[in-house]
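**Student:** Starting from the structure of chain Y, add chain R where the hints point.
Those protein sequences? They're chains Y and R, same order as listed. Position one of the first sequence corresponds to residue 16 (this note's numbering), numbered consecutively onward. Position one of the second sequence corresponds to residue 16 (this note's numbering), numbered consecutively onward.
I should point out that these hints are in silico values taken from the structure, not numbers from a laboratory. One should not assume that every hint holds.
Copies of the same chain are indistinguishable here, so a pair counts whether it falls within one copy or spans any two.
[As the list claims (entries may be wrong)] The list that follows gives simulated cross-link-like pairs (lysine-lysine, DSS-like), each with its CA atoms no further than 30 Å apart:
| id | residue 1 | residue 2 |
| --- | --- | --- |
| 1 | Lys119 | Lys408 |
| 2 | Lys408 | Lys76 |
| 3 | Lys204 | Lys459 |
| 4 | Lys76 | Lys460 |
| 5 | Lys170 | Lys136 |
| 6 | Lys408 | Lys459 |
| 7 | Lys460 | Lys350 |
| 8 | Lys408 | Lys350 |
| 9 | Lys170 | Lys460 |
| 10 | Lys170 | Lys408 |
| 11 | Lys350 | Lys76 |
| 12 | Lys459 | Lys170 |
| 13 | Lys459 | Lys350 |
There are 2 protein chains.
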Amino acid sequence: MMLRRWQYGLLSVGMVALLGILSASGGWLGRVGAQESQTHYLPANADTVHWGYFSQAIAPKLTVNSGDTITVETLTHHANDDAARMVAGDAGAESVYAWTADFKAVDRRGAGSIDPAVYTKGAGEGAGVHILTGPIYINGAEPGDVLEVQILDVKPRPSGNPDYSGRTFGSNAAAWWGFHYNDLIEEPKPREVITIYELDATESEDYATALYSYRWVPQSDPYGVVHEVIDYPGVPVDHSTVDENFEVLEGVQIPVRPHFGVIGLAPAETDIVDSIPPSYFGGNIDNWRIGEGATMYYPVAVEGALLSLGDPHAAQGDSELAGTAIETSLTGTIKVTVHKQSELSGTVLEDLYYPLLETDDEYVVHGFSYANYLEELGESAQQDIYGQSSVDKAMRDAFRKMRHFLMTTQGMSEDEAITLMSVAADFGITQVVDGNWGVHGILKKSILPPNV
Amino acid sequence: MMLRRWQYGLLSVGMVALLGILSASGGWLGRVGAQESQTHYLPANADTVHWGYFSQAIAPKLTVNSGDTITVETLTHHANDDAARMVAGDAGAESVYAWTADFKAVDRRGAGSIDPAVYTKGAGEGAGVHILTGPIYINGAEPGDVLEVQILDVKPRPSGNPDYSGRTFGSNAAAWWGFHYNDLIEEPKPREVITIYELDATESEDYATALYSYRWVPQSDPYGVVHEVIDYPGVPVDHSTVDENFEVLEGVQIPVRPHFGVIGLAPAETDIVDSIPPSYFGGNIDNWRIGEGATMYYPVAVEGALLSLGDPHAAQGDSELAGTAIETSLTGTIKVTVHKQSELSGTVLEDLYYPLLETDDEYVVHGFSYANYLEELGESAQQDIYGQSSVDKAMRDAFRKMRHFLMTTQGMSEDEAITLMSVAADFGITQVVDGNWGVHGILKKSILPPNV
Numbered sequence: 016m017m018l019r020r021w022q023y024g025l026l027s028v029g030m031v032a033l034l035g036i037l038s039a040s041g042g043w044l045g046r047v048g049a050q051e052s053q054t055h056y057l058p059a060n061a062d063t064v065h066w067g068y069f070s071q072a073i074a075p076k077l078t079v080n081s082g083d084t085i086t087v088e089t090l091t092h093h094a095n096d097d098a099a100r101m102v103a104g105d106a107g108a109e110s111v112y113a114w115t116a117d118f119k120a121v122d123r124r125g126a127g128s129i130d131p132a133v134y135t136k137g138a139g140e141g142a143g144v145h146i147l148t149g150p151i152y153i154n155g156a157e158p159g160d161v162l163e164v165q166i167l168d169v170k171p172r173p174s175g176n177p178d179y180s181g182r183t184f185g186s187n188a189a190a191w192w193g194f195h196y197n198d199l200i201e202e203p204k205p206r207e208v209i210t211i212y213e214l215d216a217t218e219s220e221d222y223a224t225a226l227y228s229y230r231w232v233p234q235s236d237p238y239g240v241v242h243e244v245i246d247y248p249g250v251p252v253d254h255s256t257v258d259e260n261f262e263v264l265e266g267v268q269i270p271v272r273p274h275f276g277v278i279g280l281a282p283a284e285t286d287i288v289d290s291i292p293p294s295y296f297g298g299n300i301d302n303w304r305i306g307e308g309a310t311m312y313y314p315v316a317v318e319g320a321l322l323s324l325g326d327p328h329a330a331q332g333d334s335e336l337a338g339t340a341i342e343t344s345l346t347g348t349i350k351v352t353v354h355k356q357s358e359l360s361g362t363v364l365e366d367l368y369y370p371l372l373e374t375d376d377e378y379v380v381h382g383f384s385y386a387n388y389l390e391e392l393g394e395s396a397q398q399d400i401y402g403q404s405s406v407d408k409a410m411r412d413a414f415r416k417m418r419h420f421l422m423t424t425q426g427m428s429e430d431e432a433i434t435l436m437s438v439a440a441d442f443g444i445t446q447v448v449d450g451n452w453g454v455h456g457i458l459k460k461s462i463l464p465p466n467v
Numbered sequence: 016m017m018l019r020r021w022q023y024g025l026l027s028v029g030m031v032a033l034l035g036i037l038s039a040s041g042g043w044l045g046r047v048g049a050q051e052s053q054t055h056y057l058p059a060n061a062d063t064v065h066w067g068y069f070s071q072a073i074a075p076k077l078t079v080n081s082g083d084t085i086t087v088e089t090l091t092h093h094a095n096d097d098a099a100r101m102v103a104g105d106a107g108a109e110s111v112y113a114w115t116a117d118f119k120a121v122d123r124r125g126a127g128s129i130d131p132a133v134y135t136k137g138a139g140e141g142a143g144v145h146i147l148t149g150p151i152y153i154n155g156a157e158p159g160d161v162l163e164v165q166i167l168d169v170k171p172r173p174s175g176n177p178d179y180s181g182r183t184f185g186s187n188a189a190a191w192w193g194f195h196y197n198d199l200i201e202e203p204k205p206r207e208v209i210t211i212y213e214l215d216a217t218e219s220e221d222y223a224t225a226l227y228s229y230r231w232v233p234q235s236d237p238y239g240v241v242h243e244v245i246d247y248p249g250v251p252v253d254h255s256t257v258d259e260n261f262e263v264l265e266g267v268q269i270p271v272r273p274h275f276g277v278i279g280l281a282p283a284e285t286d287i288v289d290s291i292p293p294s295y296f297g298g299n300i301d302n303w304r305i306g307e308g309a310t311m312y313y314p315v316a317v318e319g320a321l322l323s324l325g326d327p328h329a330a331q332g333d334s335e336l337a338g339t340a341i342e343t344s345l346t347g348t349i350k351v352t353v354h355k356q357s358e359l360s361g362t363v364l365e366d367l368y369y370p371l372l373e374t375d376d377e378y379v380v381h382g383f384s385y386a387n388y389l390e391e392l393g394e395s396a397q398q399d400i401y402g403q404s405s406v407d408k409a410m411r412d413a414f415r416k417m418r419h420f421l422m423t424t425q426g427m428s429e430d431e432a433i434t435l436m437s438v439a440a441d442f443g444i445t446q447v448v449d450g451n452w453g454v455h456g457i458l459k460k461s462i463l464p465p466n467v
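If we strip away everything but chain Y, and leave its shape as in the complex, we get (with noise of 0.2 Å):
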C-alpha cells in the first residue's frame, strides 16, 4: 500500500515557506520575524570569488536572509582561452583575472598545495578549476536544514570589448581530462582542442554557433611556468602561438541552455575542497537543467550554509563528454529559501540527503559513484576518486536515491518504488568528466498523485 501524502495531513513544501512568512514564533522563523525579503546584488570581482575550491573558512561575501532575492555575476574560468573576446573590456573579469610577473590578483586556483616550495604549476594547483562568486551566508541555516535555491533568471554576460558588442563568447575545451582524450582516431594523438562558440548576448537567437577552434601549444604564464596542457586554470593563452581554424561547425546551431555547472554549500568534512567532485552539497553537477525556471534543494552542512556559485554554461550535453560545457560568463537572479530540518517531514525534502532539483515537471534526483566521496574515502578522498569513479557506481546511487525519494517523500513501498523506476524513472548520465562521476534519475510530477 502506498501512503499518500495528504492521508498524513502533512506540510508541502509551498505550505511550509508560506508558514514561514506568516510566523512569529522561535527558531529562524521567528528570526526571520516580519521582515519583508530583501534584494541583493553580488557582481564578480577579485574580491567576491574564491577560484577552484569551496571551504567554511572563507568570509561571507553576502550576508542574507531566508527569502531574499540575490542577483549574482558569476565567471567562466575558461575566458583567458580569448581574453580578448572574455576579459577585456570587462572590470569585473579583468579584476579576476588580473596576473603578470608582478601581480596575481586571485593567488590560490584550487584546493592544492599554495607552498611554492611544493606546488609546479600555480599556488592550489590540481584540484579544482571554477571561479566561483560567494560564499553567500544564509542566516538561520543550519547543519541538517535544507537550502533551497530558485533559479529565476539567467542572462548571458555581454563581452566588455566594444569590438564585440551584443555578442557572448565561450570556450569548450576538449581537454584532458575528457571521456575521449585516449580514444582518438585523427593524428595527432593526443591532443586538446579549444573551440571558441558565440551567441547574442541578448537572447533573442536561442542557439550558439563556434567561432574558431585551435590545438593547444604549451603556454607559458605570467610567472613564467609552462603549461605544456591545460594543468591549471586560468592562464592566458597568447593567440600568436596557436593556429586558428574558422571553418569548424559550419551550419551547425547549438541550442542554448543556460545553466551553472557548479551550485553548492560548504562541506563540513574537511576545510579545503576541490571544486571538481560533486558530492551532497551540489557543487559541480553539470547538469544543464539547473537553469532558469529550476529549483534546487540542498543539504545545509555548515551554519549559514556558504552558498557559492560558478562554472557557467550556455549549453552543455549529458555527459560532457570532452570535459567542459560551451563555458560562458552568467548572470544568474536566485531566491534562497532555508528550510528547517523540524519542518521537513511529510514533503519532498524529508530526509534529504542529496542535491535534489524540481522543474515544474519533474523531480530530478543527483547519483554519483561515491554519494559523500569526503566521508567514503576518507583521509585522501581528494586524491583518490579520480580514479575510483564510474557509471555503474553513479547508477547504482542514483537507483538508491530514487527509490529514497519515493518511498520516504511519497509513501511508498520499496516494491512500489522499484516497478515504478522500471516502468516510468528514466536514469541518465549527467557527466562523466568530474571525478566523482554522475548518474541522474528523473520522475515526472504528473506520475505522482494529486497532492490534494
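**Tutor:** Below, chain R without anything else, positioned relative to chain Y:
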C-alpha cells in the same frame, strides 16, 4: 572544416528511396520494378512465432518486398503472469501459450539446449525469453545492406476475456536479473515481485495504472518442473498460490509510451542466438523511443534480412531498472525499405554498423557494452556476455558510434564531432538488465545544417 552533405552532391536517404521507385535497372530495384507496394498482415500464433531466440535457419513466415507495409501482432512473454487477463479468450495467445502435461505448442523457448537429458527447467532454457513474430523475409535484402523499419502505428491488444472488455493488461516483473535485486532494503530479501498494470485498449487514456501485485512463489509448470524463481518463460502462474495485493501505487498514472523492446534481424555469426542481449542487428534494445513515429535502421547480416518483432511494452523507463517494462501485447504496422549497400554513401546510413533510430526531431545511436558481442567474445559469447557488461563500456561504445555518425555521415572532423558531442549530445542509460548493457546517444536534428 566540415564537409557538408550537399557539397558532395550526394543523395539523401529519402531521395534514394524515391529513385528506388522510379528505377527499372538491375539489382533489387529491378526486381521490385514498377510493382506497387503491398500490405500484409502477420498474426501471432504458434505457427508464426519463435520463442527466445534469433536464427537464420527459421523458415520465413512472410515474404515481402521493399516498400511493403505489414501489420504484425506481437505477444508479451509475460502474459501467463495473469493468464485470465492476457491469454484467456485470445485465440493467438492461447495458441502460443498452450501447454499441458501432454502438449506444449512452442517447445523451444530460448537458445539453450533442447535435449531433455541436458536441460532442467525446459527446452531452450536460460538463454532467451521473448516471443518473436516472424521472421519476415524481405526480397532483395543482402548482407551489407541496411533495412529501414518505419513504425507507422502501434496499438494495444485488447484482453480476449469478456470480463475485461475494452481493457489491456501488462505485467512488470521485478526479477532476479534486475539491477535492484541484490540491493533490497525491505524483507524478505531477495524477492521477485509481479505488478499487473492496466490501460485503456482504445488509447483514450494516455496512462497506465497498477492493478495489483504479488510476490513470486515457486510455480509448478505443466510438466511438473518447479520454478523457484522466474527462470523459464511462459510458466503459468497459479493464482491460488499467490497473495494478490490490490493496494498498489494508488493514484499513480504511468505515461503510456508503447514500443517494441525487440525488433531485430537474424545475426550471421552463429545459428541460434539468445534473444536477450541486443547487438548490431538490433534485437532487445529496449529503448522506449522505438514506438509509433520512429524509424529504425539495421545492418543486414543475412539474405532476406529475416526481421522479427516482439517484447512489446506499454511503458519503460531509461535503464529498465527492475528487469522488465510494462510487458503488454501490441500490434504494430511497419513499413520496410531496403537500402542497398551501394547507395548508402552520402546518407545517414553510410557505413552503418549499429542500430540507428530516427524520429522527427532526433537521431539516436545505440551503444552496448560490446558492439558485436558474438564476434568480440568468441565461442562462449552467449554465456560470457552476462558477466562482462557495464555502463562504462556501453558509454564508450555510444561515444564511438556518435563520433562515427558525425564524422562519416555529416562530414565532420574528429575535433568537430567531439566538441559537438560535449556541448549538445545527450547520453542516457537504455538498459542495465539485458546482458549486453546499453547507452544511447541522442542528437537533435535541428543542430545540423539544413540538408539543402
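**Student:** Decide, hint by hint, whether the structure agrees.
**Tutor:** Hint-by-hint comparison with the structure:
1. Lys119 with Lys408: neither (40 Å within a copy, 43 Å between copies)
2. Lys408 with Lys76: neither (36 Å within a copy, 44 Å between copies)
3. Lys204 with Lys459: This pair counts as between: shortest inter-copy Cα distance 29 Å, intra-copy 43 Å.
4. Lys76 with Lys460: neither (36 Å within a copy, 44 Å between copies)
5. Lys170 with Lys136: The answer is neither: 33 Å in one copy and 63 Å across copies each exceed 30 Å.
6. Lys408 with Lys459: Answer is both; intra-copy 24 Å and inter-copy 28 Å each pass.
7. Lys460 with Lys350: within (22 Å within a copy, 35 Å between copies)
8. Lys408 with Lys350: For Lys408 and Lys350, the Cα distance exceeds 30 Å both inside one copy (33 Å) and across copies (41 Å).
9. Lys170 with Lys460: Intra 27 Å, inter 26 Å, cutoff 30 Å: intra and inter.
10. Lys170 with Lys408: Answer is neither; intra-copy 35 Å and inter-copy 37 Å both fail.
11. Lys350 with Lys76: For Lys350 and Lys76, the Cα distance is within 30 Å only inside one copy (17 Å; across copies 63 Å).
12. Lys459 with Lys170: both (27 Å within a copy, 24 Å between copies)
13. Lys459 with Lys350: within (24 Å within a copy, 32 Å between copies)
When held up to the earlier numbered hints, the structure conflicts with 1, 2, 4, 5, 8 and 10 and fits the remainder.
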